[in-house]
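Engineer: Here are the chains, one letter per residue:
There are 4 protein chains.
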Amino acid sequence: MSGNTFGVLYCVTSFGESHGPAYGGVVDGCPPGLELANNDIQRELDRRKPGSSRHVTQRRESDAVEILSGVFEGKTTGTAIGFLVRNEDARSKDYSAIAEKFRPGHADYTYWQKYGIRDARGGGRASARETVVRVAAGAIAKKWLKEKYGTQVRGYLAELGSKKLGFGSWEEVDRNVFFSSNAKVVPELEKLMDALREAGDSCGARVNVVASGVPVGWGEPVYGRLDADIASAMMSINAVKGVEIGAGFAAIRQKGSEHGDEMVPGPGFASNHNGGVLGGISSGQDVTVSIALKPTSSIRVPRRTIDSRGQATTISTTGRHDPCVGIRATPIAEAMLACVLMDHALRHRAQCADVTAPLAPNR
Amino acid sequence: MSGNTFGVLYCVTSFGESHGPAYGGVVDGCPPGLELANNDIQRELDRRKPGSSRHVTQRRESDAVEILSGVFEGKTTGTAIGFLVRNEDARSKDYSAIAEKFRPGHADYTYWQKYGIRDARGGGRASARETVVRVAAGAIAKKWLKEKYGTQVRGYLAELGSKKLGFGSWEEVDRNVFFSSNAKVVPELEKLMDALREAGDSCGARVNVVASGVPVGWGEPVYGRLDADIASAMMSINAVKGVEIGAGFAAIRQKGSEHGDEMVPGPGFASNHNGGVLGGISSGQDVTVSIALKPTSSIRVPRRTIDSRGQATTISTTGRHDPCVGIRATPIAEAMLACVLMDHALRHRAQCADVTAPLAPNR
Amino acid sequence: MSGNTFGVLYCVTSFGESHGPAYGGVVDGCPPGLELANNDIQRELDRRKPGSSRHVTQRRESDAVEILSGVFEGKTTGTAIGFLVRNEDARSKDYSAIAEKFRPGHADYTYWQKYGIRDARGGGRASARETVVRVAAGAIAKKWLKEKYGTQVRGYLAELGSKKLGFGSWEEVDRNVFFSSNAKVVPELEKLMDALREAGDSCGARVNVVASGVPVGWGEPVYGRLDADIASAMMSINAVKGVEIGAGFAAIRQKGSEHGDEMVPGPGFASNHNGGVLGGISSGQDVTVSIALKPTSSIRVPRRTIDSRGQATTISTTGRHDPCVGIRATPIAEAMLACVLMDHALRHRAQCADVTAPLAPNR
Amino acid sequence: MSGNTFGVLYCVTSFGESHGPAYGGVVDGCPPGLELANNDIQRELDRRKPGSSRHVTQRRESDAVEILSGVFEGKTTGTAIGFLVRNEDARSKDYSAIAEKFRPGHADYTYWQKYGIRDARGGGRASARETVVRVAAGAIAKKWLKEKYGTQVRGYLAELGSKKLGFGSWEEVDRNVFFSSNAKVVPELEKLMDALREAGDSCGARVNVVASGVPVGWGEPVYGRLDADIASAMMSINAVKGVEIGAGFAAIRQKGSEHGDEMVPGPGFASNHNGGVLGGISSGQDVTVSIALKPTSSIRVPRRTIDSRGQATTISTTGRHDPCVGIRATPIAEAMLACVLMDHALRHRAQCADVTAPLAPNR
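Residue numbers (the working numbering), protein chains in the order written: chain A, 5 to 367; chain B, 5 to 367; chain C, 5 to 367; chain D, 5 to 367.
If you are wondering where the hints come from, they were derived from the structure by calculation, not from laboratory data.
Hints are not guaranteed to be accurate.
Repeated chains share a single entry, so a pair holds when one copy, or any two copies, can fit it.
What the hints assert, rightly or not - The list that follows gives simulated cross-link-like pairs (lysine-lysine, DSS-like), each with its CA atoms no further than 27 Å apart:
#1 53 with 259
#2 168 with 152
#3 168 with 195
#4 167 with 150
#5 188 with 79
#6 150 with 259
#7 259 with 168
#8 79 with 152
#9 152 with 195
#10 195 with 150
#11 188 with 259
#12 168 with 53
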C-alpha cells in the first residue's frame, strides 16, 4: 500500500497538488445506507477554508466539493466514494522566485532529492492544501460515528506561540477564526497575529482534539493500537512535530499511583490520564489527543539557504501563506481522529461482533 | 492487515503471551545475502532482558532466540525469517489475585470488554514482554542498515521521573543498567529507584532515539510519511503516551525564523529542529525522536478499582514488575525506529531506484 | 485495505458508477521521471471504448481522460496520479424496467442483498464500464515497463463462443474490432455476432495475454506469487470465470516428463508449459495467461427471475449492452497484467536491488 | 505487506523450509471465544500428512502441531495464534545431487536468480511442505465458519492424469488415500499410480472444492472480489496452473440464455453456472472452485537442464517425492477456500453489520 492511502477498512486515498487542476479523494469501505449530501462535506471544508480572515492565507478558494460516486438517491451505497475539489486561485507566478531555492524547514529540498523532480508551485504535493481531502473524508466519518454511536469529535486551539488559550466552551470554538474555545483571548490572539504578520514571521501552535462517546473496545493490540494509528494520522498532518495521548509527556513526571486512573462502578474512571486508551484499546472515556504544529516555513524574514546547484543564497518568501498553520489545523485534526475511530469501529465489529462486553454494552 | 503485523515491505508479525509457552515472530521482506546468526539477535535481546539489575523485574528469562527459517549457511535467503523465544519463568500464581480485578492504568479492563475473555496471567498479550519480538526484528534491521547505509540507531534514557539526565556520551549508554548516557547521574538514579521500590510505586520516563547516517529521501507523502510511521511505531510500544520528532512540542513556541533549519552548501543544515524529517521525507540529518513512557500500572500502592462483576474494590499488585518500564525501553525504541527506517529504505528504492539525488548521493 | 484498491507498491484505486457523473482513479507509487501525457492513456482507452463497432454496446462515450495530479511539465513526479473520465451518455431511462428485477447471471441480486441498497442504473458499480480505470492505470504501467525493461504486454481474442480463432500475428490485433490476431476469421466472427444479436442472446470468449521481455525474478513466495496476483487481477475483471497460466488445465493430463520445461544454456528453456512463472517467480520466459469470460447477462431472450419482493417474474433486457463482453476485454486483460507486473517489478527491486542474478542480468 | 502473509482481516503469516527446523505460522484476526484445541488443527494436518500411502512421498513426519499463543483455557482470545510444526525427517543428503542443477519445472532456477542464494535442501521455501501452515490456518477457519454460519468446505480429487473420477459421495472422500469421492475408481487409480512410480514419472490432477452454506453478501467489488481472492489463494498453492469458478472455461461456449442462472422465489437459483459468486459477491449458492495441478517436477526420468555455471547437463531426481502432488492437494485447497471465506465473512460484517438483506437473512 503506497503512501497516499490510509486506513484498513475505512480507507482514504488522496491526490492533488497546490497548483494543479484539483484535489480529490476516494473513501472506500463506508457502510451503506448513510445519508450523505455534498453539504455534509462542504460544511466541514468551509471550516478550514483559506481566506476566512486576515490571519490566514489570502488565497481565495471556494473549496466546493463534488461527490462523484458511491452515493445514490442521497444515501451511501457501500461502494467507493470519489470526490473532487477544484483549485481556483492558483497563482503560480507567486512561486517562480522559490523554484530554484529551498525554503528552510520546508519539504522543497527533500522532495527534490527523493524524486529528482519537483512541482515547486505552491509547494506542490507538500502543500497543506492537501488537507481538504482529509477534512472531506473526516466529514463522512464524523457523520457516521455520530449517527451510529453518538461519538462526537471536537477540537480547539490550545496554544498559539507562547500564549496558552485555556479551555472555555465547545460552543465558542466555531464563533472565532482561531477555533479558540475561549472568547476572551481572541483580541490578544489577533494582536499577536498582526504583529507576527508585520514582522514577516510565523509561529507554532497546539491543537487539542477530543472524541467523546467512544465505546470501549476499539483498537487492536499490539501494533494496530488505536493510539498508534492516531499518532500516525496526526503526525501525517503537515507541520505536526509531536503527538500526545492523555497525559502525554506529563506522564513522565507522574507516579504510578497518580497516573493510573482508578476505576469506579459504572463502570467508569475517576480520572483520565490515559486519554481514553488502555493497552491500545479504547476504554470508553474521552479520547484526548494533543498535537504540536511547527511554525510555517514560508516567511518573509530572509533566511540562509542553498539553490538547486547547491550554492549559498538567501530566501524571503512573499507568497500567500498562513502565518500560523495551526490556526486552521483544528478541523483537520478532528478529521483525522474521526477517520481513525471509524476505521477501528469497523475493525472491531469485524472481529468482535459476537462479543457482548461483560460489564457494559460496547455497541 | 490485522493488528499484529507492521511494516509494508520490512514486515514484522508477532505472537505470544507473558505466560504462554513462547513469544515468536516472522520478519518478512529482508533482502537476501545478509549475514545473520542467532547471536546478532541475542546481543540485542540481552540488552532488554529482565532480571539484569534490582531496578527491573526479577523474572528470570534467558530470552534465548531460535531462528527457525529464512537463513541458510549463515545468510538470509530472502524468505520469511521465523524466530522463537521460549518463556521459562512464568509464575502464574503471582497473578491469581488480579485475575478478578482490573489494575488502574492497565489493559486488563479494555481487553476483557473488547474480547469478552482475557488471559490475565502476567498481562497476557498486553505484557511488555511482547517487546522481545520487536527487539529481535529490530536487530536484523539495525544490522542491515549499518552494513548497507552506515545508518546507526542509538538511544538513551533522557528523563527518569522528574530527573533530567542530560546527554553524556554514546559509549556510556551500555555501561549502566539505566541506558543513561551520563555516568554521573547513575548513583542518583539508583537512589531514586530504591526509594520508589520501597514506596511500592512507579514512575515515568523519557527515552530519546537518534538515527545517524540516514540518507536523504526516505519517506512517502502524504500519509505514509517517515515521521508518521515512526509515530505509530513508537506509540505502539507499551506505556508510550507521547512522541516527538525534532523540536517536538517546543516547536509551538518557536518562531518560523528560529525553527526552520537554514541550509548551507554541502548540502547541509545549520540546525536540526526538524529532527531529520521534512515533509515526511528524511533530510539526511540525524532523525531524532523522543518518547514519553507512563509509570508502570502494576504497583503495590493500594488503589481503588472494580472487579469483574463491576463491584468496587481495591487492588495492590505484588508480582514481579518493572517499577519503571522506561528503564528497559531504550533498546525497544531503537528497534522500532530501525524497523521503520528499513521499511522505508526498501520502499524508497522500490520507487526511486533510478533517481540520482541531484545534490547528493541518496544511496 | 478495502476492495477498490489493488497492488502493493503500484497501487490503483478506482471509483465510479455507470450512470454517475464520472469514473476516476488514483495511481500511487509510480516512479518519478516517466514522461506521461493524457494521450498515453487516451490511446489505450480508445481501444476499449464502447460504440466502436456494431458488435459492441452502442453507448456513445468519448472516454476522454483528464490527468489531475502527479504529472509536472510532462513527467511523473512520484506523487499520486489522479485522473477522471466523465460519463457522457448515461440514459438511465433504459434501466427503469430492470430496477425492480434481478437479471440472471448479474450482480443485481448480490449487491442488493449485501448492501440493502443498489444503484440499478446501468449496473451501477457492477458495470464493466469500471474497466476504464483499469485500462488507464495499465497504460501507465505498460509505458513504464516498456521503457524500463523492454517488457511488452499484448493480448488477443482466442475464442468467441465455440469458435477458436487461432493465432495469426500481433500486428493484426488492432486492425479489427475483435482483437483477433487472425484476419481470416473476422468475417466469420461478424456473422456469428450478427446472428447472436438477432437472437437477442450473448456468448462467452477466451482472451490470451502475453508479456514478453519479463526479467527473471519478479514474484514473491509464497502467497504473494506473481501468478497468484495475476490470477486475482484477472478474476477481478467483470465476467471472468477462469484463469490459466501456461499450460493451465491441460497440465492435468501432462506427464512430468512432458510438462517440466527443460533448460538449455543461455540460460533458456526448451518449452514454456509453465507460462513464464516457476514457484511464483518469473522465469524470464514469456508470461502467458488465458482467461474465460462468461456471456453477457443482459440479454433480450426472456428469462425467469424474481422481483425485489421475491415474487416470480420474467425479464428481458433491452438496454445497450455488449452481446459478448469478451470482445472488448483484450485491452482490459493487458492492463491488469501490466499493473501486476509493474507492482512486482517495484517489489522485486525493493528487496533484491543488490542481487546480481548469478546466470543472467535480472535488470 | 510482503509475500508470506495473506488475508485482510483473517490474516495468515507463514514461515519455514523443507529441511529447516520447523514450519510455523501466525493466524491473526480470529474472533475471540472460539473453542480451539491442538486436535482441531491436527485432524486436518493428518489428512495431508506425507507417508500415508505408497502413492505419496515416503517422508515420515508426524506433523504434530503446537499452538503457542492466542488460546486461553481452550478458547481463542482474539490475539494472534502462533503455531509450530517441527520437521522430523529431513534427509538433506537426498538433495546434495541437485544442489548444483536446476530441476525442469521447479522453482530452483527462479529462486536462485531472484535471491542470488538458495536453500536447495528439499526445495527449501518452495517445497509443498509449506502447505502445513495453510492447512493449519484453514482448520481454524473451517471450524469458525461451521459453527458460526454452518458453512462447510469440502473437496475431492476430480481428475488424476487423464482419468476423470466422477462424483460419488462426500462420505467416501476421506475413506481412500486419493480423496476420491468415488470408491469404484480407486483400484484403477492405484494401478495408474503404481505404473507412474515404476516409470519414474509424474502426472497432473484436478481438485474440486465446494463451500456450502455460504450466506449471500460476502465479497467486495471491484478488486477485492470473493472470486478474485479465491483465485489468488488457489493459484498460490504449489503446482496450481489454473483456477475456475462455477462453469469456468466452459462458460466460453455457453450462451447467455444458458449460463445466466435463472432465479426462483425463495430466493433461489435454478442452476449454478456462476459457482456461487455474482459480481464478486457470494450469491448464497454453493461456491464451487476447480483447480489444475501440474505434474511433480522432481522425477526420475532423466531430463536436460543446466547447472549453476550455466552448462548443459542432465538431471534425474531420486529423493522422496509425491508422484502426483494433486493427491494430497484436496485438504490444502479446502483450507485456502476456508481462509478466504472467513476473511470475507469478517470484512462483510465490518461494513454491512447493520444491513438486513432485503430478501433473506445474510446472517
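Engineer: Decide, hint by hint, whether the structure agrees.
Structural biologist: Tested hints:
no., hint, verdict
1, 53 with 259, "between (43 Å within a copy, 24 Å between copies)"
2, 168 with 152, "neither (35 Å within a copy, 46 Å between copies)"
3, 168 with 195, "within (15 Å within a copy, 36 Å between copies)"
4, 167 with 150, "neither (32 Å within a copy, 43 Å between copies)"
5, 188 with 79, "neither (42 Å within a copy, 51 Å between copies)"
6, 150 with 259, "neither (36 Å within a copy, 38 Å between copies)"
7, 259 with 168, "both (26 Å within a copy, 16 Å between copies)"
8, 79 with 152, "within (15 Å within a copy, 31 Å between copies)"
9, 152 with 195, "neither (42 Å within a copy, 52 Å between copies)"
10, 195 with 150, "neither (37 Å within a copy, 51 Å between copies)"
11, 188 with 259, "between (35 Å within a copy, 24 Å between copies)"
12, 168 with 53, "within (24 Å within a copy, 42 Å between copies)"
When held up to the earlier numbered hints, the structure conflicts with 2, 4, 5, 6, 9 and 10 and fits the remainder.
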